[in-house]
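There are 2 protein chains.
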Amino acid sequence: MDLDLARELAVTNESKIVLYVIDGLGGLPHPDTGRSELEAADTPHLDRLAAEGICGLTVPVGTGITPGSGPGHLALFGYDPYRYQVGRGVLEALGIDFDLQPQDVAARGNFCTVDGAGRVTDRRAGRISTDTCTELCDLLREIKLPKVDLFVEPVREHRFLLVLRAPGLDGRLSETDPQRLGVEPPLVRALAPEAKGTASPANKFIEEAKRILADHYPANMLLLRGFSKHPSFPHFEDVFRMRAAAVAVYPMYRGLAKLVGMTVLPTGVTLEDELETLQKHWEEFDFFFLHYKRPDAAGEDGDFEGKMGALEAADAVIPALREMHSDVLMVAGDHSTPSALAAHSWHPVPFVLHSAWCRPDRTEEFNELACTAGSLGTFPATDVMPLAMAHARRLTKYGA
Amino acid sequence: MDLDLARELAVTNESKIVLYVIDGLGGLPHPDTGRSELEAADTPHLDRLAAEGICGLTVPVGTGITPGSGPGHLALFGYDPYRYQVGRGVLEALGIDFDLQPQDVAARGNFCTVDGAGRVTDRRAGRISTDTCTELCDLLREIKLPKVDLFVEPVREHRFLLVLRAPGLDGRLSETDPQRLGVEPPLVRALAPEAKGTASPANKFIEEAKRILADHYPANMLLLRGFSKHPSFPHFEDVFRMRAAAVAVYPMYRGLAKLVGMTVLPTGVTLEDELETLQKHWEEFDFFFLHYKRPDAAGEDGDFEGKMGALEAADAVIPALREMHSDVLMVAGDHSTPSALAAHSWHPVPFVLHSAWCRPDRTEEFNELACTAGSLGTFPATDVMPLAMAHARRLTKYGA
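Protein sequences, first through last, are from chains B and E.
Read in the working numbering, the first sequence has 226 at position 226, and its numbers run on one by one without any break.
Read in the working numbering, the second sequence has 87 at position 87, and its numbers run on one by one without any break.
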């Protein structure tokens, strides 16, 4: 559903909706047992929810497409991830809780290695430690640019965040990562006439950085990509006419929720803390986005058993969630993260919706194979919000 | 399928297609039994049709969207209900069989109550009786507008139809229903410069009506919305190259069929009458739209058993329909109307297509759950016509 149509059809009532996102939820069978993480894990509460609700598999972005966290979450929030794009620099800023201002231009930086002729020999500078990255960022902060404030923040290993702050900056700039070895990083070019005044301080920064880093082999140069400004998206609360709260531990997910205009609640770091936060603010909001990170982290580590354990922990809070008697309770994932791939993947993601108004299907368990036979079928993740709104009776009739 | 593509691929032959629309077909389980209206009803002929044909569930407009009758039927006729919109005023005119002319601008009217300061206190005037509505419409017909003919027709309770007729009128006008209480109804504004000449007679009508209605508390004022002209849609018969007939009892559905250019056959009021009409005109047409209203009406009344009975009546005519040996026989609904909601709903709608050329699936019964497992899956209602045309061998190859 187009956001304009959602805005047109949305009505308010007393109902409450919970969207519980289990990051990296979907998986693949273990080669020895033929059972996926979800199939192998003991998840009785999710199974019961599946038996009582309606199931399906979400396609986060498109068939065959492996989503990053940004598109994966935006789709669940109802935002077409092709249309609502978040630049890599902005995502990096969200991921470290950097307070990005509307005028800022952010870029993702990589420390890299260059040879005597300035040609890139390692695009990641041998993956230097995060400590080294932090020291180098401190050095780069000394750079002064005329009329532009500069922020350089370490992220992890060879990755850092660069933010330029001044009125009138424009993010339409080419990247300096040549994406291959043996060539010199190109200068930043303006991709629109309005961005010329931003290309020049960016190149000035690179020039100064090159001089400062020269003696810091293997991190003797840097590459910049994903120049972008904080996008201005339609507000979730305006579109869906709900007061919306996000409960998430990691900055990236808090940032994505903030990007669409949700209120981000302060919370402790365990799933139990998150649940307590949700309970505490229950009366103040209509919609809750609850994020649980561990299954994705274990999947990324290729840790099948770790992911099983994380899924069992995700399951354990379902009774408490059900006791809150939301009108709609959904369990979803932003993408699959099969331990077998140790990475995000393109595989559709198990989904269940529970409400008094769902027309039951035959699904008895919550896993990849069982959800394939659910009545929702395999469907775009952007349909999750229309489904939630419909079952909460928050959408009026289309046409007379 | 886009209508332009349909027009390009459509070929003619001797085949006949019947689209039997059971209004409000889909339902929800009864809380006591867990069985839907269709599951509880005894529908042996529909079950046999499902066993011999192919099944699925149609999505009338979009996931989570509850369709009105207009979009629900247009989708079944192959017209994208986002693209082909019918104004509320025009639908109201269709619904009472008013003979709308191409130059007319129609609006839906509500009698309402205002206080001494002209502020709306009840947007429906306490739902006055249809008789009172008829008397008030008679009074409003006395209003004379310079150069514009005026029609005021009672619809039901507080609702009436206003039609302005004159050359050069334009329907792009704002509505006067403030959608909330305690404020004065605004004047009609032109939403396009071309509509200025229509706003002024509309406001003149309102001014006169206010004076006439002043002593008729609670119906002492009126609100107008959905100003619209008869839309000009591609002709069904041109697009699909079939002579098309509609057999429907209620004016709204006859009107929708007329809107796309079908020939509307005069018919009696029972389903048996409708069937007889269809049989009588069998040789004259290639495509038949047969509409049966009762299941929707019972669903809207929240009458589970009444809907069961209506579905059994719908089932009873299937043998007679099959005896006509159409090349394609389809049973569809324009939307679901679960008795549990006593309203139209967003739930997908059972569908079956029977023809010599369908590849059989495993469906053995005709109901919501069984159709979930049908080979057509859950699919857009706009695919119904392409499916019908294909199975009638009326679509030529795409590309060489």
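Any given hint could be a false lead.
Same chains, same label: a pair holds when it works inside one copy or across any pair of copies.
[Claimed, not checked] Okay, derived cross-link-like pairs now, SDA-like style, lysine to any residue, Cα gap no bigger than 20 Å in a straight line: (1) 196 - 145; (2) 204 - 174; (3) 196 - 285; (4) 397 - 7; (5) 229 - 152; (6) 204 - 4.
These are calculated hints, taken from the structure and not from any lab test.
All figures in this text were calculated on a predicted structure; none of them were measured in a lab.
Checked hints:
1. Only within a single protomer do residue 196 and residue 145 lie at most 20 Å apart by alpha-carbon distance; the minimum there is 15 Å, versus 57 Å between protomers.
2. Taking the shortest Cα distances, residue 204 and residue 174 sit within 20 Å of each other inside one copy (15 Å), while across copies they are farther apart (55 Å).
3. Taking the shortest Cα distances, residue 196 and residue 285 never come within 20 Å of each other, neither inside one copy (44 Å) nor across copies (44 Å).
4. In this assembly of identical chains, residue 397 and residue 7 lie within 20 Å of each other by CA distance solely inside one copy; the values are 13 Å within and 31 Å between copies.
5. Taking the closest pair of Cα atoms, residue 229 and residue 152 come within 20 Å of each other only inside a single copy of the chain (16 Å); across copies the shortest separation is 56 Å, beyond that limit.
6. Proximity of residue 204 to residue 4 under the C-alpha cut-off of 20 Å is found in neither arrangement, the shortest distances being 42 Å within a copy and 34 Å between copies.
Checked against the numbered hints given earlier, the structure breaks hints 3 and 6 and satisfies all the rest.
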